[in-house]
Amino acid sequence: MPRVGLFITCVNDALFPETPKAVVAVLERLGYEVDFPAAQTCCGQMHANSGYKDDAARLARSFERVFEPYDAVVTPSGSCAAMTRDQYPHLTGSTIGRRVYELSEFLIDVARVEDVGARFPHTVTYHPTCHGTRALGLGDKPLRLLRAVRDIDLVDLPAADQCCGFGGTFALKNSEVSSAMLADKCRHAADTGAEYLAAADNSCLTHIGGGISRSGGPRPIHYAEILASAA
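Take 1 as the starting number for the sequence shown in full-length UniProt numbering and just add one per residue.
None of these hints come from the bench; they were simulated from the model. We put the beta carbon where it would ideally sit given N, CA and C, even for glycine. Be a bit skeptical, because a hint or two may be false.
To be verified - With a cut-off of at most 20 Å between alpha-carbon atoms, the simulated EDC-like pairs for lysine to aspartate or glutamate come out as follows:
1) K53 <-> D86
2) K21 <-> D86
3) K173 <-> D191
4) K21 <-> D35
5) K173 <-> D184
6) K53 <-> D35
As the list claims (entries may be wrong) - What follows is a set of in silico ranges between Cβ atoms, one per label pair, in the way DEER data are often shown:
7) V177 <-> M1: 42 to 50 Å
8) A230 <-> N174: 24 to 32 Å
9) A159 <-> G137: 16 to 24 Å
10) K173 <-> R29: 38 to 46 Å
11) R144 <-> D191: 32 to 40 Å
12) M1 <-> A230: 39 to 47 Å
13) N49 <-> R150: 36 to 44 Å
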């Protein structure tokens, strides 16, 4: 089995520690040993997207040093995985992004499994995040994993391919447009009647969750936490 390193990301470390714990639970259930290198820091995405290329490059080099020993790096974030794969080659010439996998990529492409032994007796709808869809090309991989969960009732999200309006600094610099996009996403989520709204990025779920807290709708949850639910 490959030596696996867990990259938890800044957002998860600060606000959503249950998500990386869920990733570990799923991988260990499948027989993998997962290391957590404590020296990991930010991947540098925020810096790169804001034009601070030198700062982003320093963080990229730090990431490379920390995760170089691992055959595979697994992260519960399509956004951060895309950063290592798409921007690191331009920042530092690094190709480590080839070994960085968003969770569903690792499970389906490396572990070759779809049924991870989960049970989640709730109604769930799924929001495909922009980085996961457009930058990584995840396609239906997260949905294939969710469909294999026992007792789940998975319902379609209307206009699922539309952005939630977060986009990192986009939500700050273009707040009115972002708010309008968020309102559409929250309305569509509420229309499903689902108990939970799942996604592959907690950053997007934070944005959507803020809207849902005001307008009502399903509870945001990272899909890794659904997969970690024991059968």
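R29 and K173 - C-beta distance against the hinted 38 to 46 Å: 41 Å, holds
Distance restraint between K53 and D86, which requires alpha-carbon spacing of 20 Å or less: 14 Å, holds
20 Å Cα cutoff - pair K21, D86: 26 Å, violated
Supplied distance hint 32 to 40 Å, evaluated on CB atoms of R144 and D191: Violated - the Cβ-Cβ distance for R144 and D191, about 24 Å, lies outside 32 to 40 Å.
Distance restraint hint 24 to 32 Å, applied to the beta-carbon atoms of A230 and N174: Check failed, 42 Å falls outside 24 to 32 Å.
R150 and N49 - C-beta distance against the hinted 36 to 44 Å: 39 Å, holds
Cβ distance range 39 to 47 Å for M1 and A230, holds or violated: 22 Å, violated
Pairwise hint evaluation, D35 against K53, where the allowed Cα distance is 20 Å at most: The given pair, whose Cα atoms are some 29 Å apart, is violated under the 20 Å limit.
Assessment of proposed distance window 42 to 50 Å (beta carbons of V177, M1): 46 Å, holds
Pair hint K21 and D35, alpha-carbon separation not exceeding 20 Å: At roughly 12 Å apart (the allowed maximum being 20 Å), D35 and K21 satisfy the hint.
Pair hint K173 and D191, alpha-carbon separation not exceeding 20 Å: 29 Å, violated
Distance restraint hint 16 to 24 Å, applied to the beta-carbon atoms of A159 and G137: 20 Å, holds
In the structure shown, a violation is registered for the earlier hints numbered 2, 3, 6, 8, 11, 12, in ascending order.
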